[in-house]
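Listed in order, the protein sequences are those of chains A and B. Count along the first sequence from 1, then add 1; that gives the number in the working numbering. Count along the second sequence from 1, then add 24; that gives the number in the working numbering.
Honestly, the hints are just simulated from the structure, not real lab data. The structure displayed is predicted, hence computed values, not measured ones. There could be a bad hint or two in this list.
[Said to hold, decoys possible] Which bits of chain B does chain A cover? Going by a derived footprint, with three or more residues having C-beta under 8 Å, they are:
| no. | segment |
| --- | --- |
| 1 | 43 to 51 |
| 2 | 168 to 174 |
[Said to hold, decoys possible] Here are a few chain B residues that sit away from chain A, every Cβ distance over 12 Å (derived from the structure):
| no. | residue |
| --- | --- |
| 3 | 56 |
| 4 | 135 |
| 5 | 191 |
| 6 | 198 |
| 7 | 199 |
| 8 | 204 |
| 9 | 208 |
| 10 | 247 |
| 11 | 258 |
Note that beta-carbon positions come from the ideal geometry of N, C-alpha and C, so glycine has one too.
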Amino acid sequence: MLVMPALAACATAPAPAPSHTAAGTDAPVFASDEEALAAAEKAYAAYQAMSDLITADGGAESSRIAPLATRSYLPELLAGFEAFAQDGRSSRGESMYDTVSLVRYGDESTGKAEVALYLCSDVSSVRLVDRNGTDRTPTDRPNRIPLQVSLVSSSRDPSTLLIDREDVWSGENFC
Amino acid sequence: MALVLVVLASVVFDAPIAFACTLAQRVGSNCPEASGVFDHGGVDLSAGFDSNSGGGVGTPRGVNGTGPGGGQDGAQGSIDLADPMVIVRDGFTVNCVPRSPCDPSLVVSMSDLVNFQPVVPTQGMEPNGWIVVGLPTNFFAAASAHTRSGLLLGFPAEVRFTPAGYRWNYGDGATGGSTTGGARWADQNLPEFSETATSHTYLAAGDYVITLAVDYAAEYRFAGQPWKGIGGTLAVPANPITAPADTARTVLVARECTRNPSGPGC
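With the rest of the complex left out, here is chain B:
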């Protein structure tokens, strides 16, 4: 993937640089690099350069294209790529450890998110737990955007997961994809056994195992910094459902089956 260089117009990062310090070092005032950090709570550095690959800065893959964090990435207007490899600083020296949050060329990928476990999505179906052959079965998923805190590349950070896609495997060889998780018939104001964006019609009787994977888009931010997108998506499997499919027949029964469940035909 091509390296995309974006010149940011004097965006000030409040870049926390974590460093280890034991209690004995704190007591003895021997912490490495500790001087001057605590007074103003943060190392301000001004960077005139940013680079990203993959997801792209300022375009988190949120739903509806209005992803959270949009517009927080600072002014990206004045593109001056006369010599894009020169890092423009605003007149003072910056000590920045490579691969730390202040590193303007830091690229975070999905594989760096090992410390961040997105919520496991769940799925449901209508009818609940059974299938009528030849009629649509409605599937729906529960997954929502959420934020996790933890260490990213060794630095405290937040990661926001946003469901971007839903992929069903209906267990009969058919698969389905949707950008929405679907919803119950009642919530869509549809009569039962209606077709929906996430429904599937089984053609043969049998027991089916229905699996769902939710593709989460992810963004991250270090404290004080804007959200940045991460390229790609993270597939998280939901609970599988096992459901029997049977043929429905119309039968005449003597009384309502709810009142006489053991009656003939019920």
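The following block holds chain A by itself, in its conformation from the complex:
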């Protein structure tokens, strides 16, 4: 063990720092969870505003929602607007959301972010009116709905997120 002091004395800095495998090109789409959350909220707000516009028009020109959703979710959205149009009503007022939290953010692959949110969708200030302007809002409509929203990167711009799913969370109601 006499060797130790000599070694310690000479060992100024051998400097072989642990080498990491991650390459610099694999930078995540969002630098932080906060950034991912902000982008997801922005995308959800845009989707909500456009959906409100379409239902205010009685469900007409529903393809306006297409730029805000993934190709896989679009058919479901269009079917939703179609069902809305068949009821012959239109919406008045704005949908809202609150109690947003990030479930997870990860990059599925380089430049392809996946973000999941919990939020409370609130449609209490949205009224449904028929062609005569009579309020036809269902009295038993659930107005505050706990949702899990999944979003993924747009192929054009990874930091722009598209709505990929909206699942009603039927577990413990956090709204």
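Based on these hints, arrange chain B on the given structure of chain A.
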């Protein structure tokens, strides 16, 4: 692997069943299956049957055998296997989509955890970044139990990863396994260059690449349900370390090398 059937005595699952619903459907009150769900926040169903394969219910592979979640799996006492294939319900009809959290025969395997990325473990060594031939080099890993949230089989869930094993490849043809991640000499109250459970002694000079894989055991739970073990482990590689090994010689130097680093012998 044999199917293990465990009869649970009236365990009540608070089973969330997620279903898709667009904003237009919510506005128009057209959500599928939406009626009645929001009032009591959950679909209670009582199942008298559970089955698992692999990891086994109630025995999450936690460290020390006292894994988290132990004892949460409800009463498993009264085993009545007269006809184990009959699912005993408690008197009311249950609508349960197969492969959803309320499905009592749902089996989750490691390959279902694609949405859950465990924390990448890290490793360190002493001496830091170099090796003395013929003396033990101490390796240690940093990995701890942690929980991730995400979608499991399409349903919101949590997955808990617990390090269960550490496998080193020392780069000289030798490998080592340990159930602990090891620790620094100082933290073990050992003098430097002591042998430890995770140390390795190199016999030849050269540059070595040391790799570590941490085997995580995993458990999952859907909201309101107890933790359940998942069979097998998930190997996650840590950062590899490249370190040169050299022979140590005792030399007499004129002054301390820290004060005169360029002196002869330093």
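A quick look at each hint next to the structure:
Coverage of the segment 43 to 51 of chain B by chain A holds. Counting CB-CB distances below 8 Å, 9 residues qualify, and the rule asks for three or more. By the rule of at least three residues with a Cβ nearer than 8 Å to a Cβ of chain A, the coverage given for the segment 168 to 174 of chain B holds, with 3 such residues. For residue 56 of chain B, the condition that its CB be more than 12 Å from all CB atoms of chain A is violated, with the nearest at approximately 9 Å. Against chain A, the non-interface label of residue 135 of chain B holds: every CB pair exceeds 12 Å, the least being about 16 Å.
Every CB of chain A lies more than 12 Å from the CB of residue 191 of chain B, the least distance being 17 Å, so the non-interface label holds. Consistency note on residue 198 of chain B: stated as away from chain A, and its beta-carbon is indeed over 12 Å from all of that chain's, at 19 Å minimum. Remark: the non-interface label on residue 199 of chain B is consistent with the geometry, its nearest Cβ contact in chain A lying 19 Å away (cut-off 12 Å). The non-interface label for residue 204 of chain B is consistent with chain A: the shortest C-beta to C-beta separation is roughly 20 Å, beyond 12 Å.
Consistency note on residue 208 of chain B: stated as away from chain A, and its beta-carbon is indeed over 12 Å from all of that chain's, at 15 Å minimum. With a minimum CB-CB distance of about 4 Å to chain A, residue 247 of chain B fails to clear the 12 Å threshold, and the non-interface call is violated. In this structure residue 258 of chain B is separated from chain A by more than 12 Å, as the shortest Cβ-Cβ distance comes to about 16 Å.
The structure is inconsistent with the numbered hints 3, 10, although it conforms to all the rest.
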